[in-house]
Amino acid sequence: MATHSSRLAARLMVAPSVVVLFIWMIVPLAMTIYYSFRLYRLISPERAGWTGFRNYAWFLNSPEFWQAISNTLLLVGGVLVITVILGTLIALLIDQPVWGQGPLRILVISPFFVMPPVAASIWENLFMHPQNGMFASFALGLGMKPILFMEQYPMASVIFIVAWEWLPFATLILLTALQSLSSEQLEAAEMDGATALDRFRYIILPHLTRAITVVILIQTIFLLGIFGEIFTTTQGGPGSASTTLPYMIFKQAIAAKDIGRAAAGGIIAVILANIVAYFLMRGIGRHLDA
Amino acid sequence: MTKTLRALLGATALAALAGAAIAETTITVATVNNGDMVRMQGLMDDFYAKNPDIKVEWVTLEENVLRQNVTTDIATGGGQYDVITIGTYEVPIWAKQGWLEGLNDLPADYDIDDLLPAIRGGLTVDGTLYASPFYGESSFVNYRKDLAEKAGITIPDAPSWDEIKAAAAAMTDTEAGIYGICLRGKAGWGENMAFLTTMANSYGARWFDENWQPQFDSPEWKAVMTDYVELLTKYGPPGASNNGYNENLTLSLQGKCAMRMDATVSAGSLTDPAQSEFADQVGFALAPDAGLGKRANWLWAWSLAIPASSDAKEASKAFVNWATNKDYIALVASKEGWRNAPPGTRTSLYANPEYAALPFAKMTIDSINAADPTNPATKPVPYVGVQFVAIPEFAGLATSVGEIFSAALAGQKTVDEALAEAQALSVEEMTAAGYIQ
Amino acid sequence: MARAVSRRHKVVVTLAAWSVALIIFFPVLWMILTSFKTETSAVASPPQLFTADWTLENYAEVWARSDYPRFFGNSVVISVGSTLLGLAIAIPAAWAMAFVPGKRTKDLLMWMLSTKMMPAVAVMIPVYLIFLRTGLIDTRIGLVIALMLMNLPIIIWMLYTYFKEIPAEILEAARMDGAGLWGEIVHVLTPMALPGIASTMLLNIILAWNEAFWTIVLTTTNAAPLSAFIASFSAPQGLFYAKLSAASAMAILPILILGWFSQKQLVRGLTFGAVK
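Quick mapping for you: the protein sequence lines, in order, are chains A, B and C.
Residues 1 to 290 in my numbering are what the first sequence lists, from first letter to last.
Residues 1001 to 1437 in my numbering are what the second sequence lists, from first letter to last.
Residues 2001 to 2276 in my numbering are what the third sequence lists, from first letter to last.
A portion of the hints provided could be inaccurate.
[Stated by the list, open to error] Per label pair, the in silico range of CB-to-CB distance:
1. A:A15 x C:F2261: 31 to 39 angstroms
2. B:L1043 x A:W66: 49 to 57 angstroms
3. B:G1079 x C:H2187: 49 to 57 angstroms
4. A:L140 x B:N1051: 52 to 60 angstroms
5. A:W50 x C:D2107: 40 to 48 angstroms
6. B:P1359 x C:V2076: 43 to 51 angstroms
7. A:F135 x B:N1051: 45 to 53 angstroms
8. A:L140 x B:P1359: 29 to 37 angstroms
9. A:W50 x B:P1359: 32 to 40 angstroms
10. A:A15 x C:S2006: 38 to 46 angstroms
11. B:E1230 x A:F279: 28 to 36 angstroms
12. A:V19 x C:P2254: 29 to 37 angstroms
13. B:T1025 x C:P2254: 49 to 57 angstroms
[To be verified] In silico EDC-like links for lysine to aspartate or glutamate, alpha-carbon gap of 20 angstroms or less:
14. B:K1413 x A:E64
15. C:K2010 x A:E190
16. B:K1335 x C:E2165
17. B:K1050 x B:E1149
18. B:K1055 x C:D2067
19. B:K1055 x C:D2138
20. A:K145 x B:D1173
21. B:K1096 x A:E46
22. B:K1145 x B:E1354
23. B:K1326 x B:E1354
24. A:K145 x B:E1175
25. C:K2264 x A:D95
26. C:K2010 x A:E64
27. C:K2010 x A:E46
28. C:K2106 x C:E2165
[Unchecked claim] If you want the footprint, here are the derived chain A segments under chain B, 3+ residues with CB under 8 angstroms:
29. 83-90
30. 214-221
31. 255-262
Simulated from the structure, these hints should not be mistaken for lab results.
Glycine included, C-beta positions come from ideal geometry on N, C-alpha and C.
Chain A with its partners taken away, still in its complex shape:
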């Protein structure tokens, strides 16, 4: 089927995408690499020059750095675990015949339509606020002290909010996969006396492997870059308790206006992303015969 001419045609059809993506990748990347070796502060442009690896050294020696790395991985891992597990359970639940299926599914996927800054600000102000939030009112009503989400559990709170935003995405993909599972297979297993747990373990879960892989892959790409929710809620604090690598870069770029350091941080983030991607592909890539 793949004749010489169709190969050529195929190349021509792929070319525009590859070219624009390559430019979109390489030009900013080259500029970022350039800046990462420069002393470049937006508000003191007169002090510019080459600094060698000083920007990288600053990042790697910063007391926040390792915490930022572990927070980044914690955020990605935490959100993935929550969305995959809850997503699977919810998909199983709403895949069954229920009354009002249409409206029900709409409600379940609604968080996906909420802009991230809006989502973060709803949770922070209307729910988690230690004086005015709904959770605080519940706690007081039960005679307990309100939980100080942003002060005592900043990372957990951020993970929770981001997981809420991404839960619909995971649920949708898993639900779509579930729908393609043949009911005969399940019925046959039921006839053979397999318990619900057995059916889940040996039929449903294997069937969902590919979907779970897709969820993990796509979400990881988005989650590695998250900082907007942190900016809206904890601002990386208290101290650096909820500072992730992108947020650390954000602080250098925005608060300190140090473009050189931010660029070095960006390169470090790309390296980290590639390491994560490597392990991801080694771990689950085989499920993805894309």
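Let chain A serve as the given structure and place chains B and C on it in line with the hints.
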């Protein structure tokens, strides 16, 4: 003949005038979404009536986002804005970079000599005014008189820190959700560090000595941080390390803060019955001192400036003049009452008997006049600025220090650990920036 | 008997599913309710539901304070425009990758996805400078291009997985009938892939609509979409929860409604090749 010629000339002149009126200049004005600026946008009919050939496009953003966008634009020579809203910290630094247009040639009715000297001084570099103040503020104490009375205490007009501590202890009623004192805890150079720097000034502490050596290892800073953390953990609202200006204002409007130290500009909201049911119970006092001759009050002015990269400087000047003129203050007063007039910029406002009758007017002007940017601490310092240090590196450095102090407030670090970290970080940054040789 | 059991089962499942759905939806609902309260009522403790002061004032104020139609219009143009442009570039690419796969097709796909790994903040200044120098800053076309490039890898991947599911035999048959390459795409592929293209489009409109970093960094007035509209209502001075809620509701409602109407399409279409 001459008659015809004159008529013809007249017609041409008219046509030229009409042509000029049709040639509309559009200017882009970037502003923060604070109440006074939002109010200005509602009063634009007056501006258009006076300047029919200018059209204003607004960019209204939350403070942090605005600062980010405006700084990026001006530092890269983007030229996207014709008028920008910036503060006392940015003006001298940006003016020295040649990024701002001088405003000494505003029309005579601008009455530059009417500007409050302290505010004007902060926006002037080498005799040139680089930004026109839209509203100015200091900081002071606001408290609920009913709670003070209930606790059997009086807060003097010029309190000391000891009196503030005692008052906070007396008024705290955690059961009822009343917190003795609300102070800024959220990390940021314009949040917790603005407050802490003024507190430090009153305690005899300073950011740097004459040789730019950071001073966080001094006993004065230790006293500041110890008292600050103690005040807020004992008498402050839970979760204070995430409370900034706005969170504390909200708590005060709800009556949950018995006392609060913050910007004078919030007095208008606090005394407004539409916003707070405790509006008639609000009392004001000067920021406290520690008997060393300096009070813990800052000085700030949100000001309108014109980037040097603007291509509509004349129209922009017309707008700046309109928005910061005495007539504008009168306009706001006539439409929305004197309480809502933009405060803290002009001597004439405080000379106005109607304005002076407001409960916060005198305290505000006294606070502003008590701040001295050129001599902020009790000891000599190499810098200018009351709650900030007017060097480009300050915003980044103070934000990092602010995070460390916010962690100390949250109980993640001891005061000693926080101060040692802040000292090490400051020495490193100041050395890297070339201040410490 | 069996019927009764299954009926009881359905009741239980329905109750459970609706409880979960309502919990997930509750924050959005609460935000919408808050947007109809007065500011004092919005922060009252305990939270007020039946005792609240209901008002439309917040919407009136938000409407009066900013040019909502313009922000809305920009959001529509940018999200739809970037998606259509993305599809135009991605459909041929995905078609070629699906039906004329080479040894490197999988690597190419992974490389495309990896272009999304650079944190946006790190390339903020470079991208800003590029947009400034090319005159694309604060233009809708600039934003359309930026968001298209951001989402292009996802678009290509989604389309690729749909196209792969189309049996090659159908194409062979079409080819036998003498259909050219273009004919193949227009007459055979597109009708079969239409559901996939539709859900790709939906997902990308949503992603572009919700984008809140580049849309703020790269715009001032002319091209500013609803994310900038939101940024003008967050954290001002004084009480703002109700007004922020109203502004937020106005920003997310259009996309929420779109999502609701196309829910079936989304549920069917979001496979990413996850279905065997």
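For this session: Take the C-alpha atoms of B:K1055 and C:D2138, compute the straight-line distance between them, and say whether it is at most 20 angstroms.
Result: holds, 18 angstroms
Problem set entry | C-beta pair B:T1025, C:P2254: status relative to the range 49 to 57 angstroms that was hinted | Roughly 34 angstroms apart at Cβ, these two residues miss the hinted range, so it is violated.
Problem set entry | 20 angstroms limit on alpha-carbon distance, applied to hinted pair A:K145 and B:E1175 | holds, 10 angstroms
Exercise. Is C:K2010 close enough to A:E190, meaning Cα to Cα at most 20 angstroms?
Worked result: holds, 18 angstroms
For this session: Between the stretch 255-262 of chain A and chain B, see if three or more residues pass the 8 angstroms beta-carbon test, and mark the coverage as holds or violated.
Result: holds (count 4)
Exercise. Range hint 49 to 57 angstroms: satisfied by the CB atoms of B:L1043 and A:W66?
Worked result: The hinted range 49 to 57 angstroms holds for B:L1043 and A:W66, with Cβ atoms some 52 angstroms apart.
For this session: With a cut-off of 20 angstroms on the C-alpha distance, tell me whether C:K2010 and A:E64 pass.
Result: violated, 52 angstroms
Exercise. Within 20 angstroms, alpha carbon to alpha carbon, are B:K1326 and B:E1354?
Worked result: Holds: B:K1326 and B:E1354 sit about 15 angstroms apart, inside 20 angstroms.
For this session: For the pair we were handed, B:K1145 and B:E1354, check the Cα-Cα distance against 20 angstroms.
Result: violated, 23 angstroms
Exercise. Would you say the C-beta atoms of B:P1359 and C:V2076 sit inside 43 to 51 angstroms of each other?
Worked result: At 49 angstroms between Cβs, range holds.
Exercise. Taking the CB of A:A15 and the CB of C:S2006, does the distance hold inside 38 to 46 angstroms?
Worked result: At roughly 56 angstroms between Cβ atoms, C:S2006 and A:A15 fall outside 38 to 46 angstroms, so the hint is violated.
Exercise. Per the hint of 52 to 60 angstroms, is the separation of the Cβ atoms of A:L140 and B:N1051 within bounds?
Worked result: holds, 54 angstroms
Comparing the model with each numbered hint stated earlier shows that hints 5, 9, 10, 11, 13, 16, 17, 22, 26, 27, 29, 30 do not hold.
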